[in-house]
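Go ahead and model the full structure; you've got the sequences and the hints to work with.
As a plain string of letters, each chain reads:
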Amino acid sequence: MLRRRNLLTTLLIALPWALLLTLWHQYPTTPLLNGTSALRDEGLPSCVRQQQSIRATPKVIQNYVYSRPPPWSDSLPTIFVITPTYTRPVQKAELTRLANTFLHVQNLHWVVVEDSPRRTNLVSNLLEKAGLNFTHLNVETPKSLKLGLSWIPSHTPRGTLQRNLGLHWLRDSFSNTAPPEGVVYFADDDNTYSLELFEEMRYTRRVSVWPVAFVGGLRYESPKVSPAGKVVGWKTVFDPNRPFAIDMAGFAISIKLILEKPQASFKLEGVKGGYQETSLLKDLVTMDGLEPKAANCTKVLVWHTRTERPTLVNEGKRGFTDPRVEV
Amino acid sequence: MIPIPLPHYIFPSPRHFIPPPGHFTPFPCSFSPLFSPHPPHSSPHPPPIYPLPPPLHLYPPANIFMPPLPAPPRPVQKAELVRLSQTLLHVRALHWVVVEDAPAPTALVGGLLAASGVPFTHLHAPTPPEIRRRPGDPPWLRPRGVEQRNRALQWLRDTRPPGEAAVVYFADDDNTYSLRLFEEMRSTRGVSVWPVGLVGGLRFERPLVAGGRVVGFHTAWKPERPFPLDMAGFAVALPLLRARPAARFDPAAERGYLESSLLGGLVTPAQLEPKADNCTQVLVWHTRTEKPKLRQEEQLQRQGRGSDPRIEV
Chain A
1 MLRRRNLLTT LLIALPWALL LTLWHQYPTT PLLNGTSALR DEGLPSCVRQ QQSIRATPKV
61 IQNYVYSRPP PWSDSLPTIF VITPTYTRPV QKAELTRLAN TFLHVQNLHW VVVEDSPRRT
121 NLVSNLLEKA GLNFTHLNVE TPKSLKLGLS WIPSHTPRGT LQRNLGLHWL RDSFSNTAPP
181 EGVVYFADDD NTYSLELFEE MRYTRRVSVW PVAFVGGLRY ESPKVSPAGK VVGWKTVFDP
241 NRPFAIDMAG FAISIKLILE KPQASFKLEG VKGGYQETSL LKDLVTMDGL EPKAANCTKV
301 LVWHTRTERP TLVNEGKRGF TDPRVEV
Chain B
1 MIPIPLPHYI FPSPRHFIPP PGHFTPFPCS FSPLFSPHPP HSSPHPPPIY PLPPPLHLYP
61 PANIFMPPLP APPRPVQKAE LVRLSQTLLH VRALHWVVVE DAPAPTALVG GLLAASGVPF
121 THLHAPTPPE IRRRPGDPPW LRPRGVEQRN RALQWLRDTR PPGEAAVVYF ADDDNTYSLR
181 LFEEMRSTRG VSVWPVGLVG GLRFERPLVA GGRVVGFHTA WKPERPFPLD MAGFAVALPL
241 LRARPAARFD PAAERGYLES SLLGGLVTPA QLEPKADNCT QVLVWHTRTE KPKLRQEEQL
301 QRQGRGSDPR IEV
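Those protein sequences? They're chains A and B, same order as listed.
Just so you know, we're using the numbering used here here: the first sequence kicks off at 1 and counts up by one.
Just so you know, we're using the numbering used here here: the second sequence kicks off at 1 and counts up by one.
In short, the hints are calculated from the structure, not lab data.
It is possible that part of the hints are untrue.
[To be verified] For lysine to any residue, the following SDA-like pairs were computed, each having C-alpha atoms within a straight-line distance of at most 25 Å:
id	chain 1	residue 1	chain 2	residue 2
1	A	K261	A	K282
2	A	K272	B	K293
3	A	K299	B	P75
4	B	K222	A	G316
5	A	K235	B	K291
6	B	K291	B	S307
7	B	K222	A	P89
[As the list claims (entries may be wrong)] Among the chain B residues that face chain A by a calculated CB cut under 7 Å, a handful are:
id	residue
8	V76
9	R83
10	Q86
11	G197
12	L198
13	R203
14	A220
15	T287
16	T289
17	E290
18	R295
19	E297
20	S307
21	V313
For each residue, glycine too, the CB sits at the ideal point set by N, CA and C.
This is how it looks when you write it as structure tokens:
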């Protein structure tokens, strides 16, 4: 009798704690920037979610979205844009203006890869409302990598795991089906892209390259193109002897090539500053296989702009503004 | 304590949507949930908007004029204007008034505007040398863009037909604007206001709204100002500007009082119209672009080997 009562008591004491633990595991209370716990249910394709929202009680949805991407075309090659992103105050602003740019480009598929343990509500909602074709992935960079493999912070390769996940998803999606004609472009969320750039890269056969502004301490860096139209070198000041002295925003790779070479990905170990692009491209192509675009690399169509970190000094320790308002 | 097995995942199944290849599907799934060319019959939405180019008569015509602030030529000028034009190109019935701080309109800006596809007017108004910021001065030292914005106000008052129902918005070229913002401001009758993100040392500044009226302002920097707003946080109806011909920006205004110098001559704070869901949504962000590091460029130029100046950046 006594033993049974003890067992019962123990169970009754342990049960609520066990429940609490499972809850805490699923819904972390560490506040993210916008103060809400950010779990999204996974596995449901976004199509289904939209259907459900329409069948729910109708609320007045005001039609603010007057823009949408141009209709998908069968004959035009697809541009897969892989954008690594991470939570920070300007994230929503950067992704908003990037979406405004991409809404003009036909046959563009945006692959957004968050550096986070779970997909955040902020990015999910933004992608759904934007109206673009998208894929939303996430992978967290382990702390040991974030602090940098080398002691010089600027040499830490950033966004590497995220870009690799984007490539992995592409290879996975087209492992059984015939891949579409298309290119892959790595677009950081703070750069500026002209619309002409996307049309230049669309018909890439292997790997195409073009100049990029505001990198390497110069007005622009560009490949050196011979009169015959082949890339013969690099017009850079910083280490022009790199195999591929080009910025992440300065090249695009055709999907066929990505699928042909499944081992090619960005390397994490032993990558010096400025060699991240080389770590991928050396497994894909050689310099004479590069296709120069932008009028034989004489026009600047992409700018490596960087956004200032906003000073949130007046927030203080406890926060001045309402954390439930998403910024 | 019984250990509970924790689920373990590395690469979760992604959320994604790839349209079915080929034809244009009217199924709402293909587009943003906020927009469908064939809305379900039970929906209470207003009639759908048709694809670009949209017919201008669908809504009460309310052209939006935007005099932005291109500062004296700086390296990122073209990039900023390119990405601003990509946002503006989505907004219907918008007229972009670009006022350069230069003695004459430059070919860089002129060419960009012509190629952008946005309806525009290209003006110029040089800042007097004594007020112009010198290299090394911090950005907040002197009020920027006063002459340019006043020139735009003058152009609006002089050239637009009287009685035109339009809205004027001052948009700096380095801020970020969501498309919804422009639709929110379209219904401005006097002066409308909304929150601005990443400004005043806060995540966002906003007017405080009670009962549909502005009753105060939630800011931390100089809250004693008559209108503690950012330039990107308000829009003015053109008829109101015409009714108050003396209203303009004061070049001698103290730091942070530029907006108040204009708005004080137009409305009282109680007359402000709150937008963006009673000022609870952030639809514009006061982003600033870093000055690019051009050290190697400067070194090369000193050696006479600078980059080709004919290539426009």
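A quick look at each hint next to the structure:
1. A:K261 to A:K282: holds, 11 Å
2. A:K272 to B:K293: holds, 20 Å
3. A:K299 to B:P75: Answer holds: A:K299 to B:P75 is near 16 Å, not above 25 Å.
4. B:K222 to A:G316: Distance of about 16 Å is within 25 Å: holds.
5. A:K235 to B:K291: Since the Cα atoms of A:K235 and B:K291 sit roughly 22 Å apart, the hinted pair holds (cutoff 25 Å).
6. B:K291 to B:S307: holds, 18 Å
7. B:K222 to A:P89: Holds, because 22 Å separates the two Cα atoms, which is no more than 25 Å.
8. V76: Result: holds, 6 Å to nearest chain A Cβ.
9. R83: Interface hint status for B:R83: holds (5 Å vs cutoff 7 Å).
10. Q86: holds, 5 Å
11. G197: holds, 4 Å
12. L198: holds, 4 Å
13. R203: holds, 5 Å
14. A220: Since the shortest Cβ distance to chain A is 4 Å, the answer is holds.
15. T287: holds, 5 Å
16. T289: holds, 5 Å
17. E290: holds, 4 Å
18. R295: holds, 5 Å
19. E297: Result: holds, 5 Å to nearest chain A Cβ.
20. S307: holds, 5 Å
21. V313: For B:V313, the interface hint holds, since the closest Cβ of chain A sits about 5 Å away, which is under 7 Å.
The structure agrees with every numbered hint stated previously.
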